[in-house]
Structures are given as C-alpha cells and as structure tokens.
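**Q** Listed here are the chains, written in short residue letters.
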Amino acid sequence: MNALRRNVLKGAAGAGTVAVAVAAGLLKPTQALADVPRSAFEAKNVGDALKGMGATAPADSKDITIKAPDIAENGAVVPVEVTSGIAGTSAIAILAEKNATPLVADFGLMGGAEGYISTRIKMGQTSLVRAVVTAGGKSYTAAKEVKVTIGGCGG
Amino acid sequence: MHMNRREFLQLLAVAAASGMALDSKSALAGNVPANFYDVPRHGNVSLLHFTDCHAQLLPIWFREPNVNIGVGSALGKAPHLVGQNLLKQYGIKPGSAEAHAFTYLDFTEAAKVYGKVGGFAHLKTLVDKLRAQRPGALLLDGGDTWQGSATSLWTDAQDMVDACIALGVNVMTPHWEATFGADRVQEIVNKDFKKANIDFVAQNIVTNDFGDQVFKPYVMKVMNGVKVAVIGQAFPYTPIANPRYMVPDWSFGIRDDSMQKWVDEARAKGAQVVVVLSHNGMDVDLKMASRVTGIDAIFGGHTHDGVPQPVQVKNAKGITLVTNAGSNGKFLGVMDFDVKGKRVVSYKYRLLPVFSNLLPADRGMDAYIKKVRAPYEKKLNEKLAVSDDFLYRRGNFNGTWDQLIVDALMEVKGADAAFSPGFRWGTTLLPGEDITMERLMDQTAITYPETTLTNMTGETIKSIMEDVCDNLFNADPYYQQGGDMVRVGGIEYTINPNQTIGKRITDMRIKGKPVDAHKTYKVAGWAPVGEGVSGEPIWDVVAGYLRDKKVIKGLKLNEPKIVGIGKSNPGIADYDGVLA
Numbered sequence: 001m002n003a004l005r006r007n008v009l010k011g012a013a014g015a016g017t018v019a020v021a022v023a024a025g026l027l028k029p030t031q032a033l034a035d036v037p038r039s040a041f042e043a044k045n046v047g048d049a050l051k052g053m054g055a056t057a058p059a060d061s062k063d064i065t066i067k068a069p070d071i072a073e074n075g076a077v078v079p080v081e082v083t084s085g086i087a088g089t090s091a092i093a094i095l096a097e098k099n100a101t102p103l104v105a106d107f108g109l110m111g112g113a114e115g116y117i118s119t120r121i122k123m124g125q126t127s128l129v130r131a132v133v134t135a136g137g138k139s140y141t142a143a144k145e146v147k148v149t150i151g152g153c154g155g
Numbered sequence: 156m157h158m159n160r161r162e163f164l165q166l167l168a169v170a171a172a173s174g175m176a177l178d179s180k181s182a183l184a185g186n187v188p189a190n191f192y193d194v195p196r197h198g199n200v201s202l203l204h205f206t207d208c209h210a211q212l213l214p215i216w217f218r219e220p221n222v223n224i225g226v227g228s229a230l231g232k233a234p235h236l237v238g239q240n241l242l243k244q245y246g247i248k249p250g251s252a253e254a255h256a257f258t259y260l261d262f263t264e265a266a267k268v269y270g271k272v273g274g275f276a277h278l279k280t281l282v283d284k285l286r287a288q289r290p291g292a293l294l295l296d297g298g299d300t301w302q303g304s305a306t307s308l309w310t311d312a313q314d315m316v317d318a319c320i321a322l323g324v325n326v327m328t329p330h331w332e333a334t335f336g337a338d339r340v341q342e343i344v345n346k347d348f349k350k351a352n353i354d355f356v357a358q359n360i361v362t363n364d365f366g367d368q369v370f371k372p373y374v375m376k377v378m379n380g381v382k383v384a385v386i387g388q389a390f391p392y393t394p395i396a397n398p399r400y401m402v403p404d405w406s407f408g409i410r411d412d413s414m415q416k417w418v419d420e421a422r423a424k425g426a427q428v429v430v431v432l433s434h435n436g437m438d439v440d441l442k443m444a445s446r447v448t449g450i451d452a453i454f455g456g457h458t459h460d461g462v463p464q465p466v467q468v469k470n471a472k473g474i475t476l477v478t479n480a481g482s483n484g485k486f487l488g489v490m491d492f493d494v495k496g497k498r499v500v501s502y503k504y505r506l507l508p509v510f511s512n513l514l515p516a517d518r519g520m521d522a523y524i525k526k527v528r529a530p531y532e533k534k535l536n537e538k539l540a541v542s543d544d545f546l547y548r549r550g551n552f553n554g555t556w557d558q559l560i561v562d563a564l565m566e567v568k569g570a571d572a573a574f575s576p577g578f579r580w581g582t583t584l585l586p587g588e589d590i591t592m593e594r595l596m597d598q599t600a601i602t603y604p605e606t607t608l609t610n611m612t613g614e615t616i617k618s619i620m621e622d623v624c625d626n627l628f629n630a631d632p633y634y635q636q637g638g639d640m641v642r643v644g645g646i647e648y649t650i651n652p653n654q655t656i657g658k659r660i661t662d663m664r665i666k667g668k669p670v671d672a673h674k675t676y677k678v679a680g681w682a683p684v685g686e687g688v689s690g691e692p693i694w695d696v697v698a699g700y701l702r703d704k705k706v707i708k709g710l711k712l713n714e715p716k717i718v719g720i721g722k723s724n725p726g727i728a729d730y731d732g733v734l735a
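Quick note, the sequences are listed as chains E and F, same order. Residue 1 is where the first sequence starts when you use our numbering, and the numbers rise one by one after that. Residue 156 is where the second sequence starts when you use our numbering, and the numbers rise one by one after that.
Where hints are given, some of them may not hold.
Claimed, not checked - Heads up, simulated DSS-like pairs for lysine-lysine below, C-alpha to C-alpha not over 27 Å straight-line: (1) E:67 - E:51; (2) E:98 - F:658; (3) E:67 - F:472; (4) E:122 - F:658; (5) E:98 - E:144; (6) F:722 - F:248; (7) E:62 - F:472.
Hints are computed from structural coordinates only; laboratory data are not their basis.
So here's chain E without its partners, still in its complex pose:
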C-alpha cells in the first residue's frame, strides 16, 4: 500500500506538510524565527514564552482547531495539527505547557497560506498543548490536553 510513495519520500527527513510548505516558498524558516526572539523558545514557563512572543494575553478562539491524540502513543513524537479559521492568520505557534521549555514551534505563514500546520512534538508529561495564532496583529489561542502515560495494564 503506497510503498512507492513511501520509498520516494523516505529520504526526506521530516517530510510532511511543513517541509512541503517550505519547498513551495509559503513558509520561510528565517521568517519563522525572525518575529520570535530566541528568548521565547528558551523561556521556562508559558507566561514568559508568550511574553517573548509578544502575545501576553491571547484571546480564546473557537476558530482554532487542534488535532492531537487524547493519550499519546509515544511522548517523543506526538502528532499535532492546528487549523486556524481566523482571517489573515500569519503565524501559528505550539506550546506544550508542561515541557521544560514550553514553546515548541512557531510557524510564520506567508502570502495567503492556509492557516494549517502539521508536525510532531516531544512531550515529557501530560499537559495542555496550546496553539497561539497571530492574525492582523492580534493573538488568539486554544488548547487541548494530551495525556502521556506509562502504559501497560489495559483490558
């Protein structure tokens, strides 16, 4: 099943929506970091990370959908998809609130790119996974809990 496609893409490390978006010129890695100072990624708590991003008090939004497992199958690679239905979305950041450094990624979206990102993040423990969307100079947010468990003992 799709063996050819799999083999073709196997070499491209981390191939996925983001890599494709970079290749298509929709997303510039430099741009992604340009707006967010390094300090935000090094911040040890959510408050400092948000401050570093310049998004101190983002408004809760129902137009942001986070797709992530309720319980992670592997905390080292938790698949997370964020879709923003907010017009003019220019950046989507992901924070794993209880990670030692909560800000995991910040994607800048250029020139009318769809407000959608898909990636995998590492989580040390059960935590809210928060998305922060920037649109029209304002910040919006939504969160979903992802549980990281020791496993075993099922049915």
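Go by the hints and put chain F onto chain E.
**A** Structure of chain F alone, referenced to chain E:
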C-alpha cells in the same frame, strides 16, 4: 467436586432445613425454560455478535464483578451496575439462569446448578440455530479472540483462527490480536481470512508516517436486499496498554472525526444500516455514540460488560444503540433490525448466555477442538495444586486469582511488594477444583510474560498507581483504557475514584508502615510493555510456587479502602474491603 442439579437441590434443601442462612429471594430456581434459546426472528437484518472470548475454546466458569464503579456521568448507569442493581435495572429474576449469567450473586452455588458457560462447540450450535431462522445473518467477532489461553499462545493464534473460520465469522476487529505482532496479524488477514472471506476492519488503525489505512475501514454487505455497512473500531490504546514495539508502524486512537467520515461515506453509498464493531470499551462507545451521528448500533466489547439490553444514546441526528457482549465466550448478542423505507424502524436485542449444558456440542467443532488440543493435553492437565479458595479475577480491584499471582511473585522474588496488570480476562475456578497448568495459563498467556524485580522509590510506586488509576477512573471516557486497577501485593492504600490524577491514592502502606516517598522498595511485576526486558515467564514463577504449596487456601485480598463514592453506589456490592 461436581454435583448435578438434583444433588445440588437436595443439598439446598438439607442446608435450609439445618438452618443455614439461605435468603429466600436469592434461592436458585434451578430450572431453565425449555424455550430458553427460542428467539423469534424480527425484521429483515440480523447481526450476531460475540466478543472478548479470550481464546476459550472449551466451556469455563466466569464470574462477573461485584465492583465496577462508574465515575462522572457513568455513575449508576449501565455498565456500572453490579449484582441486585443490575437485576433490578433489567427486570431479571433473582436466582434465575440469567441472574447467574449476568451477576456474581451466589456464584459458586449457582455455577453448580447451571453448569459451565461458553465453549466454541456449544456456541457453534447456537449460532447455527439462530442463523437457520435468519437467512443472511452476519456473525461479528469483536476481537480479543486470539489471546487468553495456552493453546492460542502455543499455536501462535492458529487454533483460534481456524475455530473462527469454522464458526462462520464474517467480520472482525482487533485488540490483543496485535500482541502476536503486526506481521502475524497481516499474515492471518491476508492468507487465512482472505481465503475464508472474513473481513478484518479497523477504521482507526493507520500508518504512522502517512496516516494511510492499514486495514479496510468498513465493509458493505447486502442482507435480504438491504445494504449494511460494518465499520471496524480497534482498541484505540493498543500501543499504550500493550507493547508499542509489536505494532511499531501503526497508529491507533479513537478518531471520531474519521469515524464520522466513514459513516457518511457508507450512507452516501447506499447503506441503509450502519453499525460499528467496536473494541473501544463501553464508556468510550457511549461517548462516541453521542458525538458521531448516523450509526444505528455499536456492538461493543473490551470492558467485558455483559449488558442485557442496548443503551439508547441520543445525538444530534438521532439515536444510536450501544451494546456490550461480555467475555470468555459466555454470551452471544442477537440484534434483529426491521428495515423499511431505507431505514431501521425497529429492533429487538437479546444477549444470550451460552450455557454449555443446554446446548449440545456441535460435532464438527468438538472434533476440531479435540484435535487441536491433543498435542498439548498432557501439559495442559498438569495438576499444580488444589484450591480450597474461590479463584476469580474480574473486578475493579484485586480478585483472588491475582492475589495468588502477586503472593507468588513476592515470595519467589523476595519482593516487598508486587504489581499485576488489571486484566479483565481470565477464567474462574470453584473451591475444591484443581489448579491445572491450563487454568494458570488462562490468567497469564501473553506474548510478553517476563517477570521483573525493580527497585522503586515510594514516589515511583505512587505515581504508577495514580497513572493506572487515571486510566480507569478518569471522568472523561476518552482517557479510559478499559482495564481494571493494577493488582497489588503487599501494598495497602485508600482510594477515592472521584478525585483527579495524583490525588486518588492516599495512606499507602507497605508491611504496615507508611510508604516513604524517598525510600527504595523491591517491587516484583510482569508483562512489561517496554522492549528488551528479560525474566522468567510469569507462568513458570507461579507454577513453581503452586507445586510447592500444593494447597491454596486463606488468600487475603489486598483490597483498598474506598472513599468518596458513597456507601450505596450501585457499582459496588458485597465488598470485602472497607467502603467508607
């Protein structure tokens, strides 16, 4: 000791005459109506369903739980009703055959009256009888079929695969099947099942890399001119509850968004009946039924709940029926739909207990089972010890079988404490019966049986117990994994199921002393989900212990003190521990 019915009734009379306390309300009727298995056909679409037989080819005993606590919105509702509460809810007469099948009440006495349950030769007779009245009826296998017995483990699941083909299974979805490894599952699906025309469906198993479907998400069948879609839902937390390394490339999860997509697609393609064959567990199914629209019925398993009638769940576009068909081959669900004007207009459901004494063995299946067991009979029948105690596993907290296992682990390994997984499978043994190798394997036959001895701090012990407890008592069913609480040896504790993770377990004691968070304890366990663990298989450890003891009696249940659920919670009765 095995009495026939007449002997037992005589004994009852003698006991009553000699002043032994026999509650008249619970006195056993002992007789089963002759028409017990006459189930008139209703409508034009019929689905037969069994689940979680755990590879029990022969009739066995299986005691239902006396502790099955519901939390959050599940409080006091099916499947969290035990004993008299369940009988009242479903209008089942105390002392009747059905009361024996659906509850733990008077188990050891009633077992002698009504006999063993399940067994594929008896199940085959029942399936054929129902099918004869229901042309085109489909037989659905909800999974946990290939694992749970010595012979399934020793034949690499082949005994069950061939038995299911002979039984006439049409559609299946998995859970423990995955613990034979992804390659073995694929081999069976692509060879044995393909040849036998059995559809293996799972909408929620996709590849890790691209999210491609690994198996068909659903199958469309035509029954008496009606298009019926059966969507598969595998156990969502297989790579968490069982070893990840056995299915390294597959991702599971609940995925109700894709469930909705497949329901809609099936409807668009003309399905007049859409059902889900699910291994979610009943609480998860109930939540899913409230969120996904367009499903007529969910045939559920995993949590081993014998629920006599479906729960009707309202959602945005209608009602979905949710069933759960028990375990160990004890029950067969019979759903009849009347489909008119391209939709289901009515239904009739029965969850039939499979009493092996009332259903003659199918000769072909009986011969097959004898043949497949023959090379192993000597090993299976080895008598390890006699049990004076009543040995059972099922219930939210320690059962006597697990108590025996943790006691053996602690003694053999020289441990301060022991853990045993909260599995819900495993047969029951009546007092006075022999503990054979086969009965021990019923409790332990898994593909990762290694035992371990680990140094753990008090803090680690607590965090493990809290973690497992949250998988059982999280108020949101989507975070429940469907097992019971981890069984403990040597650890006393208090539990509040209605608390949140980190706060449910208090007052932990080991050997009577409060557990010190920083002290190190030696903890024995088995069934490691991590890769590369070595250790003597659990059955060898326990078999050695049993051969040494010869007689098992006076097991002291390590049950926790339960607080915060009220004293009249309908999910608990006849509790041996403290309920405060």
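**Q** Hints first: check each against the structure and report whether it holds.
**A** Consistency of the hints with the structure:
no.	hint	in the structure
1	E:67 - E:51	holds, 25 Å
2	E:98 - F:658	holds, 19 Å
3	E:67 - F:472	holds, 24 Å
4	E:122 - F:658	holds, 26 Å
5	E:98 - E:144	holds, 13 Å
6	F:722 - F:248	holds, 25 Å
7	E:62 - F:472	holds, 23 Å
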